[in-house]
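Below, each chain spelled out in residue letters.
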Amino acid sequence: VDHSKFKTCDQSSFCRRNRGMQKGMSGYEVIQDSLEVTDDAVRAMLINTKNQVEFILEITALDKNSLHLVINEKNPLHPRYVVRDALFEDLKTIKGFHLESKNTEKAVVEMGNFHPASKIELKFKPFTLDLYSGGDLVISTNSRGLFNIEHLREKKNPAPAVDDAPADSEESNKMDSDHPGQPDEDDVPGMWEEHFQSHFDSKVRGPESISCDFSFIGAEEVYGIPEHADNFALKETKSSDPYRLYNLDVFEYESWSKMALYGSIPFVVAVGEKRSVGLLWLNGAETWIDVQKGPETAVMSSIVNLMSGSNRRSPQVDTHWISESGVIDVYFLLGPGPKDVMSQYGALSGNTPLPPHFALGFHHSRWNYNDENDVKSVDSRMDEVNFPYDFLWLDIEHTDGKKYFTWDAVKFPHPKDMIENLVSKGRKMVTIIDPHIKKDNGYFVHADAQANDLYVKNKDGNEYDGWCWPGSSGYLDFFNPKVQEYWSQQFTLDKYQGSTLDLYTWNDMNEPSVFNGPEITMTKDAKHFGGWEHRDVHNIYGFLHVKSSFDGHLLRSGGKRRPFILTRAFFVGSQRYAAVWTGDNTANWDQLKLTIPMCLSLSISGIGFCGADVGGFFQNPDEELLIRWYQAGAFQPFFRVHSHIETARREPYLYGDETRGLLKKAVMQRYTFMPYWYTLFAEYEHTGVPPMRPLWMEFTADGNTLKMDDQFMLGSALLIAPVLDSRASTIDIYFPGTDAEVWYDIDTFKKFAKPGFELLGVTMASIPVYQRGGTIVPRKMRARRATSLMLNDPITLFVALDKGMRANGTLYMDEGDGYEYRNGKYALIEFSYQNGVLNGRNANPSGGFESKTWLERVVILGMKAAPKSASIVVGKIEEALHFSYDIASESLTVRKPGILMTTSNWNLIIG
Amino acid sequence: SELDLGAGLLIRGIPLERAALYDPAKDFVCLDRSAKVPFAFVNDDYCDCADGSDEPGTAACPDTTFFCSNAGHVPQVIPSSRVNDGICDCCDTSDEYQEGSSCVNTCSLLGEAAREHYLKAMREHEAGFKSRMNLVGEANAKRNELEAKVKELKALRETAEQEMRDREAAKKEVEAREAAALAVHRQREEEERQQRAEEEKAKREEEMKAVWQKLDVDVDGLISLAEVQADLRLDQNKDGVVSVEEARFFVLNQDSMTWEDFSRTGWILMRPYVSDGARKPMFTPPEADHDPGWLLFVLFAVGLAAILFLCKQQEEEEEHHQQQEEEKRELGQGEDEHAEEERGESEEEENKAEDFQDDYEDEVPDDVPEPSVVVDHGYDEETQLLVDEAEKARKEFNEADRTLRDLEHELNSISATLEKDFGPEDAFLPLEGQCMEHTDREYLYKICWFGQATQKPRHGGGETKLGSWKAWAGPESNPHEKMMFENGLGCWNGPNRSAHVHLTCGKENRIVSASEPSRCMYHFDVETPAMCAHPPALPEASSHLQWHEEL
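Top line first, the protein sequences correspond to chains Y and C. Just add 456 to wherever you are in the first sequence, counting from 1, and you've got this note's numbering. Just add 9 to wherever you are in the second sequence, counting from 1, and you've got this note's numbering.
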């Protein structure tokens, strides 16, 4: 990466101004008499005592356990940008505020509908907002006094000082007299215009940034704010730049860095021993976040602790959020458990809809498959070595001169036949569709865009012009509803020539990437629909791009098929439309390691359908790295091999038997777990709890898991610990939880019954995965050449017994595509094992979903002795079954129960 | 799950000849003997045997295969994972037997097409096989020819070696005499030089003394200021008077000077004014009639001409040298192992190395004969005769040496060819040096057997080297089915270009397709009769009657 291409906080004037603020000097107070508490809201006025500018504060409540705080200028010169689109459409506010007490210092408001009950303590001088949950202070707002809203103001005359010239304080005094009641702070350089390298930002609206500090009391660690190529637990930023959120196309991004990458979600989860809470800072402008472990009064409290005999000071994490424009628009998610926070965030930003079944399979891509023959050859060579895969991807070179929705007429003269050929083997295809539009008069999208005024404008109101793959390009203004509609129409089969319903979409370069723009993106004074500047909405651009593509997919199938879209840029709520991959990574071991913290960060921020380019995009992985990356990727939600045009081919059939065998084994493992993956994604749509989870989400009380970057949970049943080191012969696995836990190696069934680290030997074939005792995992052990061909295959249940000889699990099944499942056409089978009886029960017997899938085999792990008999009982019919018991691994395999999985109720009795 | 074909019970998924392994009358013992199960467990869609042998006809066992007989076409073995997956793999539909399958039997259709295709391929193969026999014949002749040539060259080399040794001895002998004569000549020259120097010195002193005597009017052994002033030749500013200052200058700012002062310094100061031979001041601007610069110019011009002549000679030598190098390279032979390795580096580096070598050769010509330009060293006649004789001996030696080395080159190159792997029966030998061309939308591709692969844009632009022949790169079982060309032009931010050439049997040498699967890594499919090693074989289905009938 070329650091000089990207701004530091110091080079971004609003960050510099706000980060330079002195603690406790913000000078905002609540106007005491303005406080108004009603059943459905708390309202009050704030005043900046330095210049008497007034603000309106409003707090409302959401179901459940979430509070919404908005602070905006009372009389802004012109409206400030409020983020629309990102949140779930049907947010439900709830009532129940009640003023408990009020004096000259503070007011206390109860929120009785929360569980546990919550309290809001509003202090007047200075303005502070403390949130209590179950009697404990959990989040404190502006307790460090970094709250700041740069009110909108008229530009002074003559022109303000340029960047490096000192501000003229006499000027500002004159200015004050022109605007009585709204005296300005002194101008400082960068408020009214800004230079970066050769780029100029005309800031006609002047300073408008916002800033606020939030302290998480009782939190040990804070997570989230993707996307950064860094550790999962956020690091302190005292001696570095803050974390930055600004969607950027960073060439060869660095490992372990706080630099902004392709997407932005201003959301954190704070995790402590007692509870977890979340905070969403809803803002689409450039944002910087400082993190610091507290409390700042550490000296004080340690004296207190010393006197009270306690060594442990109460943990706390302080955060400071700075955005370039917009309003204070914050959601507090009060948990109390991490899964509660996930559900609350899902309720807010929308859950990931169940993807089409096959999208969870294995994808193979490269920049580029050169032509139809190449595609055909890759497909048939995969089959020749019987290597399964689901999707083949086409990058930008498939188009006619980088004009999206077109095909290179020579290389891809028969796209429909090509797609059909893949589909005839149960496979699918993806083409890339980027948002930049080639300014070529012969290109219909460009012609339409010009005719209907669909492009983003520059500050003078002319078409914005940027440089991207096709050269000179226009950028469609997705903030214009007309553009959204136009874009989605381009996906209809009659419009997108050569496409079929089996052709899916990859939205890349949507930060947006502009090769000749400041920081490789759009200039901030570009103009969007509604008169908003790009600075107000930058981080939302890619979100609307994929939203429009998603709508296009629905449009083309008449709402009959589930869209599948992959995006590089993202924002709050992008999960409703697309899967996300971690962009243009590099083939090295650090970047393999980073796939876990990066996808965990995305997962807890709503985007659970996440993956990284397997093998690394840039450069060539050696065989060992490629094998390890397949093994790790097989257990991450989005599983795609992809690579740069200048890399060597890495299709699995190009490798020798041994390497290819290991790659295939990893993919087959993935395929056998398809029923589990699909069930997790079905649950995800309902609960918001992501499939790929940090250990602490399942083992809240285990503090050792907080900093873990190299292991994760897949659902609540599987512990995944891929080998991430070159030439590893051992791996130090951490078994989380307490003595009550027991874990089983999924391959050998070896039992691990002691929590803590255990050093285990590994070979090149090892993918260390452990099933938690007490869980039941459904698998399909017959891996086919494509996952779509496995829909009707029989199920094997792996019943891993806990120390009380019990286990539970579920299996979700539906048609694999379409939306009938939303009309109830699905099966949700709940399994429980206790007292030697495995019960299966369809929780949705009236859904009308039918399937040929039957129960092939039941494997019970942790069975101490061989049983005498096994039988399946449906209704009054009992049938004896064959079984085998392996004393070495203490596992029982029951042969062929044979019942259909949709059978409403059955028992497998182990005698 | 069994099919009654009238000829007895056929177990689904296995060829007839293995049916005996499955006896419905007995319990089934897994073929790996890992278990024994009731016969009802065979093909019951549940995997009981570790080797999967109980489920040859279902997808229940991993990593096993399914056999379809495909009557009317060729039988097929497919992975069991393709059984009942909804996709028709076997043309006889036997892999898709579960309810709801929509497969139709296409074997006779496919079989017909396959037979046609096969016959065509067979004719092609036959023609190729014939061509190959010719190639083998040619190769044989060529090898014999080359071997004969080697023999001949070896004989010639022996003679040449003797000749070279003789010439060397002759050269040494005459050079020894030449050296002796030149030593004498040089000594004589030295003596003459010394004599001349002494004469000069004496002459100078004489002149000095004359001036002294003329100035030392009172003959007191000192030249006084007055005495200087008396000699008007020493009037530096030509005002008619030798002033005291002017006089003092000559007597070294003293009142008078001794002979010693005079002879060491004073004389030098006075000489321009008083010497007979040099009336003029020491540094007179040149004049047209006898300007020493003129002489210098002439000398310079002569020298330049000589240098230019030498350079040209050398250039010609080098051209000759390079020509040889190129010939060597075309034959795929380096002068030695080291040079071969050097060529293994990037093209650029190779060029650099060669440039460097050229520079080096500029300075120290390797086997350039001494210039035949006659330079008059002023030898006496006898010496001159010896020098000429030595010159002639050297020339003759160089010629003999060159002849020998040329022979050795040729020998090495032929031996290298003979040692090269030209495949079974040397079938590829006659192709050496031949090239094939292929044109696609953008490029003209050219592959020269055992030479270079290149690419040239059709619409203008220079040729790009994709690689030089490196090695056979096929699998161990058939190493000659693939050729590797390496070290083509370097790619920006990438590797040097390289090409893999996959060879199959065809009736003529032909590039079938060219592609670039990864950036700068090219792939060619080439047909050549050289690959038609065996007479056309029957396909796998040879055991099937219908094939025999057709053929």
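Read the hints as simulated data drawn from the structure, not as lab findings. Just so it is clear, CB atoms sit at the ideal spot from N, CA and C, and this is done for glycine as well. It is possible that some hints are incorrect.
Stated by the list, open to error - Under the rule of at most 25 Å between Cα atoms (straight-line distance), these lysine-lysine pairs were calculated in the DSS-like manner:
(1) Y:Lys867 x C:Lys45
(2) Y:Lys832 x C:Lys45
(3) C:Lys465 x Y:Lys1259
(4) Y:Lys1324 x C:Lys129
Said to hold, decoys possible - Selected chain Y positions facing chain C (in silico; Cβ < 10 Å):
(5) Lys562
(6) Ala563
(7) Gly750
(8) Asn842
(9) Lys867
(10) His870
(11) Arg1106
(12) Arg1238
(13) Ala1242
(14) Met1246
(15) Asn1248
(16) Val1315
(17) Glu1334
(18) His1338
(19) Leu1356
(20) Thr1358
Stated by the list, open to error - Okay, the calculated beta carbon distance ranges per label pair:
(21) C:Gly146 x Y:Lys832: 35 to 41 Å
(22) C:Pro33 x Y:Asp1342: 28 to 34 Å
(23) C:Pro33 x Y:Asn1160: 57 to 63 Å
(24) C:Leu30 x Y:Ala1321: 34 to 40 Å
(25) Y:Ala1196 x C:Cys500: 57 to 63 Å
(26) C:Pro33 x Y:Ala1196: 39 to 45 Å
(27) Y:Gly1260 x C:Leu30: 45 to 51 Å
(28) Y:Gly1015 x C:Leu30: 40 to 46 Å
(29) Y:Ala1321 x C:Glu108: 38 to 44 Å
(30) Y:Lys730 x C:Cys500: 35 to 41 Å
(31) C:Gly146 x Y:Thr1219: 24 to 30 Å
Checked hints:
Between Y:Lys867 and C:Lys45 the CA atoms are separated by roughly 56 Å; this puts the pair beyond 25 Å, and the hint is violated. Straight-line distance between C-alpha atoms of Y:Lys832 and C:Lys45 comes to about 44 Å, which puts the hinted pair past the 25 Å bound. Between the alpha carbons of C:Lys465 and Y:Lys1259 the distance comes to roughly 72 Å, so the proposed pair goes past 25 Å and is violated. Distance check on the hinted pair: Y:Lys1324 and C:Lys129 sit about 66 Å apart at the alpha-carbon level, beyond 25 Å; violated.
For Y:Lys562, the interface hint is violated, the least distance from its beta-carbon to any beta-carbon of chain C being 63 Å, above 10 Å. Because the closest C-beta pair between Y:Ala563 and chain C is about 64 Å apart, greater than 10 Å, the hint is violated. Restraint check, Y:Gly750 versus chain C: the minimum CB separation of about 47 Å is more than 10 Å; hint violated. Hint status for Y:Asn842: holds, given a least beta-carbon distance of 5 Å to chain C, under 10 Å.
Taken as an interface hint, Y:Lys867 checks out: its beta carbon lies about 9 Å from the nearest beta carbon of chain C, inside 10 Å. For Y:His870, the interface hint is violated, since its Cβ never comes within 10 Å of a Cβ in chain C; the closest pair sits about 16 Å apart. Checking Y:Arg1106 against chain C by beta carbon gives a least distance of about 9 Å; that is within 10 Å, so the hint holds. A least Cβ separation of about 5 Å between Y:Arg1238 and chain C falls short of the 10 Å threshold, and the interface hint therefore holds.
Checking Y:Ala1242 against chain C by beta carbon gives a least distance of about 8 Å; that is within 10 Å, so the hint holds. The restraint placing Y:Met1246 at the interface with chain C holds, with a minimum CB-CB distance near 8 Å, inside the 10 Å limit. Nearest Cβ of chain C to the Cβ of Y:Asn1248: about 8 Å, under the 10 Å cut. The hint holds. For Y:Val1315, the interface hint is violated, since its Cβ never comes within 10 Å of a Cβ in chain C; the closest pair sits about 13 Å apart.
The criterion of a C-beta within 10 Å of any C-beta in chain C is not met by Y:Glu1334, whose closest approach is roughly 20 Å, and the hint is violated. Here the hint on Y:His1338 is kept, as its CB sits about 9 Å from the closest CB of chain C, short of 10 Å. Hint status for Y:Leu1356 relative to chain C: violated, with the closest Cβ pair at about 14 Å, above 10 Å. Hint on Y:Thr1358 is violated. Least Cβ distance to chain C is approximately 17 Å, over the 10 Å limit.
As the Cβ distance of C:Gly146 to Y:Lys832 is approximately 40 Å, the hint placing it in 35 to 41 Å holds. The beta-carbon spacing between C:Pro33 and Y:Asp1342, approximately 30 Å, falls within the hinted interval of 28 to 34 Å. One distance hint, 57 to 63 Å for the beta-carbon pair C:Pro33 and Y:Asn1160, holds here, with the actual separation near 60 Å. Distance hint check: the CB atoms of C:Leu30 and Y:Ala1321 are about 37 Å apart, consistent with the given range 34 to 40 Å.
A beta carbon spacing of about 59 Å between Y:Ala1196 and C:Cys500 agrees with the range 57 to 63 Å that was offered as a hint. About 52 Å separates the C-beta atoms of C:Pro33 and Y:Ala1196, a value inconsistent with the hinted range of 39 to 45 Å. Under the hint 45 to 51 Å, the C-beta atoms of Y:Gly1260 and C:Leu30, about 47 Å apart, fit the expected range. Checking the proposed 40 to 46 Å range against Y:Gly1015 and C:Leu30 shows it is violated: the Cβ atoms sit about 54 Å from each other.
Range check, Y:Ala1321 to C:Glu108: Cβ separation about 41 Å, and the 38 to 44 Å hint holds. In this structure, Y:Lys730 and C:Cys500 break the distance hint of 35 to 41 Å, their C-beta atoms being roughly 59 Å apart. At about 55 Å, the beta-carbon gap between C:Gly146 and Y:Thr1219 misses the expected band of 24 to 30 Å.
In summary, the numbered hints that this structure violates are 1, 2, 3, 4, 5, 6, 7, 10, 16, 17, 19, 20, 26, 28, 30 and 31.
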